[in-house]
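Add chain Z to chain G, keeping to what the hints say.
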Amino acid sequence: RKEVEQDPGPFNVPEGATVAFNCTYSNSASQSFFWYRQDCRKEPKLLMSVYSSGNEDGRFTAQLNRASQYISLLIRDSKLSDSATYLCVVNRDNYGQNFVFGPGTRLSVLP
Amino acid sequence: DAGITQSPRHKVTETGTPVTLRCHQTENHRYMYWYRQDPGHGLRLIHYSYGVKDTDKGEVSDGYSVSRSKTEDFLLTLESATSSQTSVYFCAVRPQRGSEVQSSYEQYFGPGTRLTVT
Chain G
245 RKEVEQDPGP FNVPEGATVA FNCTYSNSAS QSFFWYRQDC RKEPKLLMSV YSSGNEDGRF
305 TAQLNRASQY ISLLIRDSKL SDSATYLCVV NRDNYGQNFV FGPGTRLSVL P
Chain Z
-17 DAGITQSPRH KVTETGTPVT LRCHQTENHR YMYWYRQDPG HGLRLIHYSY GVKDTDKGEV
43 SDGYSVSRSK TEDFLLTLES ATSSQTSVYF CAVRPQRGSE VQSSYEQYFG PGTRLTVT
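Note that the protein sequences, when read in sequence, are chains G and Z. If you want the numbering used here, it's the position in the first sequence, counting the first as 1, plus 244. One point on numbering: in the numbering used here, the residue at position 65 of the second sequence is 47, and numbering is uninterrupted.
Next comes chain Z alone, as it looks inside the complex:
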């Protein structure tokens, strides 16, 4: 158990409304990630963070923004939700090992948020 929670776990919203998903971790990991998972695509990286206030874009960042004001929280915001953003959203953390050996770049995932945009 990597101590990751996501909220809400399920949400239905209407097109054009703003939505914020929260990822909370209890183990002070530096690196955090947001992914979306859709049939036929596997998981795709939306944004990631490598520290408080340090974030960068992933493969599918259009339409999404993130914020990390505290180590433990990584927020994903859909400014104006669209039906194409209906998906399952997973947060992940990557523990930083002391030697940063590449083979230790393991990620641990939260339980996911199922978002439906109608």
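With the rest of the complex left out, here is chain G:
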């Protein structure tokens, strides 16, 4: 079993739809959590950090459930520009040195 797993995808949704991505991690000592987006043949870009209390940034909402070792990302009112691969990232340690990336979930928003 991989340490960080994500929905296999791809997700094909119409513009305006709400889409949710799930991520689970197996190391209960994991300390911090992130969502990145990666466009085709580009570098990953930070979308948002995930805080214990949950956090929202415009159309994006991230949730963390430490008891279930589960992270989610909700995108509301999808735009064509949201089409990308979404990467779940977990930091294992207290020092910000040991990051584990999930394989990613690809999203295509269709007109």
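Keep in mind that the hints were calculated from the coordinates and are not lab data. Computed from a predicted structure; not experimentally measured. Cβ atoms here follow ideal geometry from the backbone N, Cα and C, with glycine treated the same way. Do not take every clue at face value.
Claimed, not checked - Now the in silico label distances, taken between C-beta atoms and shown as ranges:
| no. | chain 1 | residue 1 | chain 2 | residue 2 | range |
| --- | --- | --- | --- | --- | --- |
| 1 | Z | Asp44 | G | Gly298 | 36 to 44 Å |
| 2 | Z | Thr59 | G | Asp283 | 39 to 47 Å |
| 3 | Z | Gly22 | G | Arg320 | 26 to 34 Å |
| 4 | Z | Thr64 | G | Gly298 | 39 to 47 Å |
| 5 | Z | Asp20 | G | Arg320 | 19 to 27 Å |
| 6 | Z | Gly45 | G | Asp321 | 44 to 52 Å |
| 7 | G | Leu290 | Z | His(-8) | 40 to 48 Å |
| 8 | Z | Glu41 | G | Pro254 | 22 to 30 Å |
| 9 | G | Leu354 | Z | Asp44 | 22 to 30 Å |
| 10 | Z | Pro93 | G | Asn256 | 36 to 44 Å |
| 11 | Z | Glu41 | G | Leu290 | 18 to 26 Å |
To be verified - No more than 20 Å apart at the CA atoms, straight line, and that leaves these computed lysine to any residue pairs for SDA-like:
| no. | chain 1 | residue 1 | chain 2 | residue 2 |
| --- | --- | --- | --- | --- |
| 12 | G | Lys286 | Z | Asp20 |
| 13 | Z | Lys39 | G | Glu247 |
| 14 | G | Lys289 | Z | Tyr13 |
| 15 | G | Lys246 | Z | Arg4 |
| 16 | G | Lys246 | Z | Glu41 |
| 17 | G | Lys286 | Z | Arg(-9) |
| 18 | G | Lys286 | Z | Gly(-15) |
| 19 | G | Lys289 | Z | Lys39 |
| 20 | Z | Lys(-7) | Z | Val70 |
| 21 | Z | Lys39 | G | Arg336 |
| 22 | G | Lys246 | Z | His6 |
| 23 | G | Lys286 | Z | Arg26 |
| 24 | Z | Lys(-7) | Z | His6 |
| 25 | G | Lys323 | G | Leu354 |
| 26 | G | Lys246 | Z | His(-8) |
| 27 | G | Lys289 | Z | Thr98 |
| 28 | G | Lys286 | Z | Lys35 |
| 29 | G | Lys286 | Z | Arg96 |
| 30 | G | Lys289 | Z | Lys(-7) |
| 31 | Z | Lys39 | G | Leu354 |
| 32 | G | Lys286 | Z | Gln19 |
| 33 | G | Lys286 | Z | His(-8) |
| 34 | G | Lys286 | Z | Glu88 |
| 35 | G | Lys289 | Z | Val(-6) |
| 36 | G | Lys289 | Z | Glu9 |
| 37 | Z | Lys35 | G | Asn342 |
| 38 | G | Lys286 | Z | Thr98 |
| 39 | G | Lys286 | Z | Arg4 |
| 40 | G | Lys289 | Z | Ser43 |
Okay, now just chain Z, sitting in the frame of chain G:
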């Protein structure tokens, strides 16, 4: 824009040749990382650095070495390239926040180097 450049951006080389990839940053970040990205594996950490001349191994360090003689440059060397090292290589930096709050352990990536070993 985190001020990170990588060179070369594309390289084709032959098995057995040495290859050095360069990561350059302009913002004096202490922490730097090298990852490789392959289909089905996500990004995997090769080596990282927590200061000049301070480096450590990551998950997939075999066949790779690194050097950091200046804050701004982090070099990744494949001593004798193999076909299994064909990949996309990303450099990343992690800004050190004043309080080092864990939730601030955000990384910012360079544009990547596509390496093909024939």
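Against the structure, the hints come out as follows:
Evaluation of the 36 to 44 Å hint for Asp44 of chain Z and Gly298 of chain G yields a pass: the beta carbon distance comes to about 39 Å. In this structure, Thr59 of chain Z and Asp283 of chain G break the distance hint of 39 to 47 Å, their C-beta atoms being roughly 29 Å apart. In this structure the supplied range 26 to 34 Å holds for Gly22 of chain Z paired with Arg320 of chain G, their Cβ-Cβ distance being about 30 Å. Between Thr64 of chain Z and Gly298 of chain G, the C-beta spacing of about 45 Å keeps the proposed range 39 to 47 Å intact.
The supplied range of 19 to 27 Å is broken by Asp20 of chain Z and Arg320 of chain G, whose beta-carbon atoms lie about 32 Å from each other. At about 46 Å, the beta-carbon gap between Gly45 of chain Z and Asp321 of chain G stays in the expected band of 44 to 52 Å. A beta carbon spacing of about 25 Å between Leu290 of chain G and His(-8) of chain Z contradicts the range 40 to 48 Å that was offered as a hint. Distance hint check for Glu41 of chain Z and Pro254 of chain G: the Cβ-Cβ separation is about 26 Å, which falls inside the suggested range of 22 to 30 Å.
Distance hint for Leu354 of chain G and Asp44 of chain Z: a CB-CB separation of about 42 Å, inconsistent with the stated range 22 to 30 Å. About 28 Å separates the C-beta atoms of Pro93 of chain Z and Asn256 of chain G, a value inconsistent with the hinted range of 36 to 44 Å. For the pair Glu41 of chain Z and Leu290 of chain G, the supplied restraint of 18 to 26 Å holds, since their beta-carbon distance comes to about 21 Å. Restraint check for Lys286 of chain G and Asp20 of chain Z: the C-alpha separation of about 13 Å stays at or below 20 Å, so the hint holds.
For the suggested pair Lys39 of chain Z and Glu247 of chain G, the alpha carbons sit about 19 Å apart, so the restraint of at most 20 Å is met. Pair hint Lys289 of chain G plus Tyr13 of chain Z holds up; C-alpha atoms about 17 Å apart against a cutoff of 20 Å. Distance check on the hinted pair: Lys246 of chain G and Arg4 of chain Z sit about 30 Å apart at the alpha-carbon level, beyond 20 Å; violated. For the given pair, Lys246 of chain G sits about 13 Å from Glu41 of chain Z by alpha-carbon distance, which is consistent with the 20 Å threshold.
Note on Lys286 of chain G and Arg(-9) of chain Z: the hinted pairing holds, with a Cα-Cα distance of about 12 Å set against a maximum of 20 Å. Note on Lys286 of chain G and Gly(-15) of chain Z: the hinted pairing holds, with a Cα-Cα distance of about 15 Å set against a maximum of 20 Å. A hinted pair counts as satisfied when its Cα atoms are at most 20 Å apart, and Lys289 of chain G with Lys39 of chain Z does not qualify at roughly 24 Å. With a CA separation close to 10 Å, the supplied pair Lys(-7) of chain Z and Val70 of chain Z stays within the 20 Å bound.
A C-alpha spacing of about 15 Å is found between Lys39 of chain Z and Arg336 of chain G, which places the hinted pair at or below 20 Å, so the restraint holds. Pair hint Lys246 of chain G plus His6 of chain Z does not hold up; C-alpha atoms about 32 Å apart against a cutoff of 20 Å. Distance check on the hinted pair: Lys286 of chain G and Arg26 of chain Z sit about 16 Å apart at the alpha-carbon level, within 20 Å; holds. Between Lys(-7) of chain Z and His6 of chain Z the alpha-carbon distance is near 17 Å, which keeps this suggested pair within the 20 Å criterion.
Distance hint between Lys323 of chain G and Leu354 of chain G is fulfilled; the C-alpha atoms sit about 9 Å from each other, no more than 20 Å. Between Lys246 of chain G and His(-8) of chain Z the CA atoms are separated by roughly 30 Å; this puts the pair beyond 20 Å, and the hint is violated. Proposed proximity of Lys289 of chain G and Thr98 of chain Z is contradicted: the alpha carbons are some 24 Å apart, above 20 Å. About 29 Å separates the Cα atoms of Lys286 of chain G and Lys35 of chain Z, which puts this hinted pair outside 20 Å; it is violated.
Between Lys286 of chain G and Arg96 of chain Z the alpha-carbon distance is near 11 Å, which keeps this suggested pair within the 20 Å criterion. About 23 Å separates the Cα atoms of Lys289 of chain G and Lys(-7) of chain Z, which puts this hinted pair outside 20 Å; it is violated. Between Lys39 of chain Z and Leu354 of chain G the CA atoms are separated by roughly 42 Å; this puts the pair beyond 20 Å, and the hint is violated. As the CA atoms of Lys286 of chain G and Gln19 of chain Z are separated by approximately 11 Å, the hinted pair is consistent with the 20 Å bound.
Distance check on the hinted pair: Lys286 of chain G and His(-8) of chain Z sit about 13 Å apart at the alpha-carbon level, within 20 Å; holds. Taking the CA atoms of Lys286 of chain G and Glu88 of chain Z, the gap is near 18 Å; set against the 20 Å cutoff, the hint holds. For the given pair, Lys289 of chain G sits about 26 Å from Val(-6) of chain Z by alpha-carbon distance, which is inconsistent with the 20 Å threshold. Restraint check for Lys289 of chain G and Glu9 of chain Z: the C-alpha separation of about 18 Å stays at or below 20 Å, so the hint holds.
A distance of roughly 19 Å separates the Cα atoms of Lys35 of chain Z and Asn342 of chain G; the hinted pair therefore holds under the 20 Å criterion. With a CA separation close to 17 Å, the supplied pair Lys286 of chain G and Thr98 of chain Z stays within the 20 Å bound. Restraint check: the Cα-Cα separation between Lys286 of chain G and Arg4 of chain Z comes to about 17 Å, which is no more than 20 Å; the hinted pair holds. Of the supplied pair hints, the one linking Lys289 of chain G and Ser43 of chain Z is violated, its CA atoms being roughly 24 Å apart against a limit of 20 Å.
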